[in-house]
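Engineer: Sequence:
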Amino acid sequence: MSTKNETPEVEEEEPPEEVKTKGKMPIGGHFNELRQRFTRGIIALVVGVMAAFFFATPIIGFLTAPGGPDFKPAQLGVMEYASVFFNVSLWAGFILASPYILYQLIAFITPALNRNEKKFIFISIPAVTVMFLAGLAFAYYVALPPALNILLHWGDDVVLTVVGIKDYMNVVTRILIALGLIFETPFIIMVLARLGVVSPKWLASKRKIWVVIAFVIAALITPTFDPVNQTIMAGPLIVLYEISIWLSKLVYRKKREVIESK
Numbered sequence: 001m002s003t004k005n006e007t008p009e010v011e012e013e014e015p016p017e018e019v020k021t022k023g024k025m026p027i028g029g030h031f032n033e034l035r036q037r038f039t040r041g042i043i044a045l046v047v048g049v050m051a052a053f054f055f056a057t058p059i060i061g062f063l064t065a066p067g068g069p070d071f072k073p074a075q076l077g078v079m080e081y082a083s084v085f086f087n088v089s090l091w092a093g094f095i096l097a098s099p100y101i102l103y104q105l106i107a108f109i110t111p112a113l114n115r116n117e118k119k120f121i122f123i124s125i126p127a128v129t130v131m132f133l134a135g136l137a138f139a140y141y142v143a144l145p146p147a148l149n150i151l152l153h154w155g156d157d158v159v160l161t162v163v164g165i166k167d168y169m170n171v172v173t174r175i176l177i178a179l180g181l182i183f184e185t186p187f188i189i190m191v192l193a194r195l196g197v198v199s200p201k202w203l204a205s206k207r208k209i210w211v212v213i214a215f216v217i218a219a220l221i222t223p224t225f226d227p228v229n230q231t232i233m234a235g236p237l238i239v240l241y242e243i244s245i246w247l248s249k250l251v252y253r254k255k256r257e258v259i260e261s262k
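So for the sequence shown, UniProt numbering puts the first residue at 1; every next one is plus one.
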């Protein structure tokens, strides 16, 4: 008989899922967080639309101002102005709620990013916002007045021009949104250069092609066919491309320095 005390073997318990993931949130937690942030975004959108509802009339007046002091669009259907009113309220409410919605999105994805990626996102958000607003301002104050002046007075000696409010708002919002997005070109190209998809040398070699593309884009978004308005639209695209080349050089240089320092 053995004199040594035999210790019973104890089966090791399986560590809980939270320990196995080394502190990472389980997938169920991610879905729960996504649902909460999505709900908050919807609530913010509803609140924004309700607030914008009270300002829809002055916003419509602001958007019709580029047509001239004597311009007043017509309602060609019983529900036409009501449709425009609610659409303007919806878009204005989305714009009001967009900072909070964007915050919810960033708060959800940033835990999975490293320090440099987080820094890049938080620096990029103000730049993206400023460029989009710059595009809207350029469209409203520079591009719209001459384009609408030609459209509204073209053929005055032959026909009586009656402009429906819905048709007018479609033209205006198309130009505003198009130029707002076009002004994001430097940021998009900078991101591509940072990822190594494009290089400053490659971008510089495509200048002539971009000039042609700029005028094609201008022809697609410009409601008139005259060369003056198309040049007004294409000019910023060409300037933005040059800015993009300069920004890509800065990003590419920093990327090369990081690689060489490793």
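Some hints here could point you the wrong way.
[As the list claims (entries may be wrong)] Restraint-style ranges between C-beta atoms, simulated for each label pair:
| id | residue 1 | residue 2 | range |
| --- | --- | --- | --- |
| 1 | Phe225 | Tyr103 | 26 to 36 Å |
| 2 | Val162 | Leu250 | 45 to 55 Å |
| 3 | Thr173 | Tyr103 | 22 to 32 Å |
| 4 | Leu113 | Met50 | 27 to 37 Å |
Just so you know, these hints were derived from the structure itself, not from any lab. C-beta atoms are modelled at their ideal positions from N, C-alpha and C, and glycine is treated no differently.
Engineer: Now tell me, hint by hint, if it's right for this structure.
Structural biologist: Each hint, compared with the structure:
no.	hint	verdict
1	Phe225 x Tyr103: 26 to 36 Å	43 Å, violated
2	Val162 x Leu250: 45 to 55 Å	52 Å, holds
3	Thr173 x Tyr103: 22 to 32 Å	25 Å, holds
4	Leu113 x Met50: 27 to 37 Å	34 Å, holds
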